[in-house]
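Visitor: Numbering (my numbering), first residue to last: 39 to 322.
For the record, the hints were derived by calculation from the structure and aren't laboratory data.
It is possible that part of the hints are untrue.
Capping the alpha-carbon separation at 25 Å, the derived lysine-lysine pairs in PhoX-like fashion look like this [claimed, not checked]:
#1 LYS191 with LYS236
#2 LYS234 with LYS309
#3 LYS236 with LYS309
#4 LYS191 with LYS234
This structure is a prediction, so every number in the text was calculated from the model and none was measured.
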Amino acid sequence: MPELPEVETIVRDLRPLLVGRRLSSVTRVGSLELRRPWLEDWHGSLVERCILEAHRRGKWILLRLDSGAHLVVHLGMTGRLTVKPAGDPLEPHTHLVFDLDEPGRQLRFSDIRRFGCAVLIRDDAALETFHRDNALGPEPFDLDPAAWRASLKATTRVIKAVLLDQTVVAGVGNIYAVEALFQAQLHPSRRACDVKPKEADRLRESIAHVLTEAIEHRGSTIRNYVGGSGLSGGYQDEFRAYGRTDLPCPRCETPIAMVRVGGRSSHFCPKCQPAPHKARPKRP
DNA sequence: ATAGGCGCCTGCTGGC
DNA sequence: TGCCAGCAGGCGCCTA
Numbered sequence: 039m040p041e042l043p044e045v046e047t048i049v050r051d052l053r054p055l056l057v058g059r060r061l062s063s064v065t066r067v068g069s070l071e072l073r074r075p076w077l078e079d080w081h082g083s084l085v086e087r088c089i090l091e092a093h094r095r096g097k098w099i100l101l102r103l104d105s106g107a108h109l110v111v112h113l114g115m116t117g118r119l120t121v122k123p124a125g126d127p128l129e130p131h132t133h134l135v136f137d138l139d140e141p142g143r144q145l146r147f148s149d150i151r152r153f154g155c156a157v158l159i160r161d162d163a164a165l166e167t168f169h170r171d172n173a174l175g176p177e178p179f180d181l182d183p184a185a186w187r188a189s190l191k192a193t194t195r196v197i198k199a200v201l202l203d204q205t206v207v208a209g210v211g212n213i214y215a216v217e218a219l220f221q222a223q224l225h226p227s228r229r230a231c232d233v234k235p236k237e238a239d240r241l242r243e244s245i246a247h248v249l250t251e252a253i254e255h256r257g258s259t260i261r262n263y264v265g266g267s268g269l270s271g272g273y274q275d276e277f278r279a280y281g282r283t284d285l286p287c288p289r290c291e292t293p294i295a296m297v298r299v300g301g302r303s304s305h306f307c308p309k310c311q312p313a314p315h316k317a318r319p320k321r322p
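Given the sequences, and given the hints that come with them, work out the whole structure.
Guide: Structure representation (structure tokens):
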């Protein structure tokens, strides 16, 4: 579900509800496994601890506790992290419930498909290891222009796959890759190394632009996503290409087409985003 | 090095 | 009406 704008919206919603609050208890609901195991043993660094900060890095949500530990959450495709009144019925597929010291409020983690995870990370050093293992690339808003051009030059992969590679740029998922490529007028199957410097610049600006717009609309709700206080997003009504197969291109009215690139649906305008020329057979 | 395929899961939609 | 294939915001693993 959530790409950078959705995760950012959740963090912005949660920050005023969580920062300064103490977690008075944590309950594991149900016994279904998540993508990574939830570490029961570490409750000591969590229970009765205060939340100092709420941050986002790529698609990860990071809550810093006064024990020095970090509660780190990834929402996968269908994860939700919300603050709800304790009296509200638990929605189906809830996996973790954290009672807050503010009476009658709970932080809840639910995830239908269980591609998400919530883990406790012991301290700052362990968090660094965690980040190093994930090898997250830079945030899309502070891509260095020269480094960005260089990272495209360095690979023969198709540009769409590069946008989805979290080690190149963190936080972009399928929706915003599609929208950024549309905005930059680049075909998803262009080889990254064939993208010209000017086009690379345009793409970098388009990524930031599309993500900023989406954050302003509180992200996109297709099916499951809601923000930290339960509100849906609105950016799905602003899509120019994603999910708009056969609908007119907002720029030229050519029907939007769809190809599968790297196993993911990629919507594009056949006129505004011309297909790359077929590579000529190499001379001996 | 990279593309493509699968697998992890559940739920919803569209076509028959 | 009912069934079933196909598809979905992510990511990691395997093979060729």
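Visitor: Please go over all the hints and tell whether each is borne out by the structure.
Guide: Tested hints:
1. LYS191 with LYS236: Holds: LYS191 and LYS236 sit about 12 Å apart, inside 25 Å.
2. LYS234 with LYS309: holds (19 Å)
3. LYS236 with LYS309: Holds - the C-alpha atoms of LYS309 and LYS236 are around 19 Å apart, at most 25 Å.
4. LYS191 with LYS234: holds (9 Å)
Checked against the numbered hints above, the structure violates none of them.
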